[in-house]
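Visitor: Here full-length UniProt numbering is used: the first residue of the sequence shown is 1, the next is one more, and so on.
Be aware that a few hints might be false.
Simulated crosslink set (DSS-like; lysine-lysine; CA at most 25 angstroms straight-line) [claimed, not checked]:
| id | residue 1 | residue 2 |
| --- | --- | --- |
| 1 | K13 | K66 |
| 2 | K145 | K66 |
| 3 | K104 | K145 |
| 4 | K66 | K104 |
| 5 | K56 | K66 |
| 6 | K13 | K56 |
| 7 | K13 | K145 |
| 8 | K16 | K66 |
| 9 | K66 | K52 |
If you anchor each label on the Cβ, the simulated ranges turn out as follows [what the hints assert, rightly or not]:
| id | residue 1 | residue 2 | range |
| --- | --- | --- | --- |
| 10 | G159 | D39 | 40 to 48 angstroms |
| 11 | E94 | D120 | 22 to 30 angstroms |
| 12 | V136 | E28 | 27 to 35 angstroms |
| 13 | P27 | P86 | 28 to 36 angstroms |
| 14 | N150 | D87 | 24 to 32 angstroms |
| 15 | V114 | E63 | 18 to 26 angstroms |
| 16 | E94 | L158 | 19 to 27 angstroms |
| 17 | Q78 | T35 | 22 to 30 angstroms |
Just so you know, the hints here were simulated from the structure itself, not pulled from any lab data.
The structure displayed is predicted, hence computed values, not measured ones.
The beta carbon of each residue, even a glycine, is placed where N, CA and C say it ideally should be.
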Amino acid sequence: MATRNGLNSQTAKFFKALMELRSGSAPEELETFCTFFYDDAVANPISMREHKDAAKGREAIREAYKTLIGQQFIEERQVLSQTIDPDQKLVCCETRNRLNVAGKILDPFYETIVLRFNDDLQVTRLNVYSCRSPIVAILQVQSGKGPYANAQGEMEHLGL
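Work out the full structure, taking the sequences as your base and the hints as a guide.
Guide: What follows is the structure, encoded as structure tokens:
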């Protein structure tokens, strides 16, 4: 049975491990992080906008995070609010982050992460909710590929 304290502790460990991941992290570090996930977990680590392409299973989740940390990683994380429902084995975290997006600092970046656990305190579902417009603009300016007709103008509009 998942308890409030158990869920709180496991969530803290999960985010500590996530914050240690960087674009240069060794494959073993990423593998260790993925042990937080149940074998058949479903994750949307980028955004729920990509829910149709959710990562299903630990291997797919590892690949999704490998891609994600190649583009961005969290330098600082401040929990604004956290709600724990032990009956549903659900944790919702509202955060204010300082992100490093391809070497450019994005601060603040707000997101809400919803984690669902099983009785063994492994993540069975992860959903991330955020506005990725500033991240997309930064990546587009660097790569020249993306949805904005004027990515530099979009970055200026966003104050980047």
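Visitor: Please name the hints from earlier in the document that this structure breaks, with their numbers sorted from lowest to highest.
Guide: Of the numbered hints given earlier, those the structure breaks are 7, 14, listed in rising order.
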